[in-house]
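With chain A held as given, fit chain B onto it using these hints.
If you want the building blocks of each chain, they are given just below.
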Amino acid sequence: MAVDKNISPKDCGRWDTIPGVLKVVNKPTGAQKKFIDQFNAERAAAAKKKAAKKK
Amino acid sequence: MQSAVRPPQVDANGFSDTDAAGYHDLYNGRQYYQQQNLDIDARVALADYLDPNTLSGSLYNFSQNMNHAVAIGQPLDAQQQYAWDSITGAMHNIGYNVNLTRYDHGEYLDNVLTGAGITGGHAGMSVAQLKQALVGVEYTDPRILSTSYNNFKNATDPSTFTTREVKITYKAKASTQALMPGKGSGGDFGEILLKPSGGGHNSYRIVDVKTTGAKARPKGGSKNSLTLQQIEVVVETY
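For the protein sequence lines, the chains are A and B, in the order given. Quick note on numbering: my numbering labels position 14 of the first sequence as 14, and the sequence is numbered without any gaps. Quick note on numbering: my numbering labels position 152 of the second sequence as 152, and the sequence is numbered without any gaps.
With the rest of the complex left out, here is chain A (with noise of 0.2 Å):
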């Protein structure tokens, strides 16, 4: 049965799917633009923390 065998970027049989395949059509807006927003904004702060701790 040729599903799940992890291989590779072409591991994208019937049943799985690689990066970038399905393409988003809308854009995101109001609640939810600034949701994404400030989470990106937070994480980006979040891993710039970590790095300064780590040196």
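Careful, some of the hints might be misleading.
[Stated by the list, open to error] As a list, the in silico DSSO-like pairs of lysine-lysine whose alpha-carbon atoms are at most 27 Å apart:
#1 K23/A to K219/B
#2 K171/B to K215/B
#3 K210/B to K33/A
#4 K33/A to K131/B
#5 K210/B to K34/A
#6 K34/A to K50/A
#7 K48/A to K34/A
#8 K210/B to K171/B
#9 K171/B to K27/A
#10 K171/B to K219/B
#11 K153/B to K173/B
#12 K219/B to K131/B
#13 K48/A to K131/B
#14 K131/B to K171/B
#15 K131/B to K215/B
#16 K27/A to K210/B
#17 K171/B to K33/A
#18 K153/B to K171/B
#19 K27/A to K131/B
#20 K49/A to K34/A
#21 K223/B to K210/B
#22 K23/A to K171/B
#23 K131/B to K34/A
#24 K23/A to K131/B
#25 K173/B to K27/A
#26 K153/B to K219/B
#27 K33/A to K23/A
#28 K50/A to K33/A
#29 K33/A to K48/A
#30 K49/A to K33/A
#31 K23/A to K173/B
#32 K210/B to K173/B
#33 K210/B to K23/A
By construction, these hints were calculated from the structure, which means they are not laboratory data.
Quick look at chain B alone, frame taken from chain A:
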């Protein structure tokens, strides 16, 4: 004043594009398969498509190679093109408002999150955050998309699928273009193929994100090592 209601359109196979019922499960797969009355080209193409064996000179089977070529925009070879044309050409109204299931790995979430504008993928995101970011996201899929109408209950080992990190529940309306390929040599997955997005059919809209309450494994992980919470994404076709 009474509003005009368009009568259901029934295709050549007798499948309607509307269903007065809400979303429900599909029963009697054998009868459904027979009603499709697939022609010889479709049946030959599906035999290739469902063949789980790797192709000579390749690490992958036919459907993997074909779907990968489509995903990266690579031209199909003659056999792939024949299968693609025969299978997509045989698709019809699914005929009922039905629930379909697919299990995928975290790449699915990362793909739609990236499209929505989230950087860094789904790792570390709570279910509430995933829901906030993804509900309302609409996307297209260029592949022939495999789903199951019976949650893989007749698969040799359903847990191959059901322990994956993401459960996608499709609410497929009757006009969704689809095909039941029948019992392939890879086993009976209760498979329903959905036509690639295009021509005004088969686009997808995320309407809910929640946890199933079950545990799941990371991609490549053992079915005995369930370390992740399983996320359910509810997707309407439109």
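Structure-based check of each hint:
no.	hint	result
1	K23/A to K219/B	holds (22 Å)
2	K171/B to K215/B	holds (23 Å)
3	K210/B to K33/A	holds (20 Å)
4	K33/A to K131/B	holds (13 Å)
5	K210/B to K34/A	holds (21 Å)
6	K34/A to K50/A	holds (24 Å)
7	K48/A to K34/A	holds (21 Å)
8	K210/B to K171/B	holds (15 Å)
9	K171/B to K27/A	holds (22 Å)
10	K171/B to K219/B	holds (25 Å)
11	K153/B to K173/B	holds (22 Å)
12	K219/B to K131/B	holds (22 Å)
13	K48/A to K131/B	holds (25 Å)
14	K131/B to K171/B	holds (17 Å)
15	K131/B to K215/B	holds (19 Å)
16	K27/A to K210/B	holds (22 Å)
17	K171/B to K33/A	holds (26 Å)
18	K153/B to K171/B	holds (19 Å)
19	K27/A to K131/B	holds (16 Å)
20	K49/A to K34/A	holds (22 Å)
21	K223/B to K210/B	holds (22 Å)
22	K23/A to K171/B	holds (19 Å)
23	K131/B to K34/A	holds (14 Å)
24	K23/A to K131/B	holds (18 Å)
25	K173/B to K27/A	holds (24 Å)
26	K153/B to K219/B	holds (21 Å)
27	K33/A to K23/A	holds (18 Å)
28	K50/A to K33/A	holds (26 Å)
29	K33/A to K48/A	holds (23 Å)
30	K49/A to K33/A	holds (24 Å)
31	K23/A to K173/B	holds (21 Å)
32	K210/B to K173/B	holds (21 Å)
33	K210/B to K23/A	holds (22 Å)
Consistency note: the structure conflicts with none of the earlier hints.
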